[in-house]
Amino acid sequence: NAGVTQTPKFRILKIGQSMTLQCAQDMNHNYMYWYRQDPGMGLKLIYYSVGAGITDKGEVPNGYNVSRSTTEDFPLRLELAAPSQTSVYFCASSYDGHYGYTFGSGTRLTVV
Amino acid sequence: DQQVKQNSPSLSVQEGRISILNCDYTNSMFDYFLWYKKYPAEGPTFLISISSIKDKNEDGRFTVFLNKSAKHLSLHIVPSQPGDSAVYFCAARPHGSSNTGKLIFGQGTTLQVKP
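Quick note, the sequences are listed as chains A and B, same order.
Counting the first sequence from 1 gives a position; this note's numbering is that position plus 13.
Counting the second sequence from 1 gives a position; this note's numbering is that position plus 6.
The set of hints was computed from the structure by calculation and includes no laboratory data.
Capping the alpha-carbon separation at 16 Å, the derived lysine to aspartate or glutamate pairs in EDC-like fashion look like this:
1) Lys108(B) with Asp69(A)
2) Lys57(A) with Glu72(A)
3) Lys57(A) with Asp69(A)
4) Lys22(A) with Glu48(B)
5) Lys120(B) with Glu21(B)
6) Lys60(B) with Asp37(B)
7) Lys74(B) with Asp37(B)
8) Lys62(B) with Asp37(B)
9) Lys43(B) with Asp90(B)
10) Lys108(B) with Asp109(A)
11) Lys108(B) with Glu72(A)
12) Lys77(B) with Asp30(B)
Here chain A stands alone, though its shape is the one from the complex (with noise of 0.2 Å):
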């Protein structure tokens, strides 16, 4: 049981290049989530989904965007790379939304 998986672990991309975060679950969860961890900051929501076909936005989705076609994938798409999105992103997804989350182990990226 691999629980969520992230790939890639590190990235570092220049500025406007555009890249796709992957991540995937194994437990059948209809929720799934994407955080992003700043230095000294708490976890920001970016955007997440309650079922496939459904996404909707979080705190801080501007610069991203999201897709959910499957129940087991849900990527993130940066779009035009900026240094603000250097942060570590983490995909989350949870069984029915009420209870505590399973986290996948992140992907640290750094735009330059």
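We have chain A; now place chain B onto it with these hints.
Okay, now just chain B, sitting in the frame of chain A:
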């Protein structure tokens, strides 16, 4: 504005003693509170939670206390062990978010337990 605040960036305690991690929230519109623990290079892991209708929840060495009048949440670890050394995040679920599971996180407190 930070709705969930952990005002102590770090805490150091001796092995075997009690660790108390604190969290304050700025409005009463939360119905569920959680604590997560995070080791370096790993994602946070769920530790313990409490509903807003309760004032205490206990799980082994971990106890969470909720003081609604003071808008204050605390996590007690007794006895503290070196393996408890990690970053601890408190999180709160806004009213009306039970169908989405969205959480608001504090900044985190780094706990160091010295042998």
